[in-house]
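Read the sequence shown against our numbering and you will find it ends at 86, with the numbers running on by one and no gaps.
To be clear, the hints were calculated from the coordinates, so they are not data collected in a lab. Among the clues, some could well be false.
Stated by the list, open to error - Quick list of the computed label-pair ranges, beta carbon to beta carbon:
1. R50 with R79: 32 to 40 angstroms
2. R50 with S75: 26 to 34 angstroms
3. R50 with R76: 18 to 26 angstroms
4. D26 with F56: 28 to 36 angstroms
5. W51 with F77: 13 to 21 angstroms
6. T54 with D26: 34 to 42 angstroms
7. Y71 with W46: 32 to 40 angstroms
8. F74 with I40: 17 to 25 angstroms
9. H29 with R50: 28 to 36 angstroms
10. F77 with R50: 29 to 37 angstroms
11. I63 with H29: 19 to 27 angstroms
12. W28 with E53: 37 to 45 angstroms
For clarity, every value in this text was computed on a predicted model and none was experimentally measured. No residue lacks a Cβ here, since even glycine has one placed at the ideal position from N, Cα and C.
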Amino acid sequence: MSQQEPSAGPQGERPKGDPWHAFGYIVSGVAIYGFLGWLVDRWLETEFVVAIGIIFGAALGIYLTFSRFNRAQPSDQK
């Protein structure tokens, strides 16, 4: 009996993205930039930079998710 690799599929089929990667990008962006915003808030004695950091981190996580899972496939030039 021969065994196929689980990742082997029909030729030209695009690999599907793991939803946990997308979740990880967004959550880590919010956590890291929210924390950096909180540090800047403590340093400057303000209260709004943490919100900007959270929004920026979420936007960056969504961008990274989009860019990772929507890569163009190489065209077959024969």
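Of the numbered hints stated previously, which ones are contradicted by the structure, given in increasing order? 3, 5, 7
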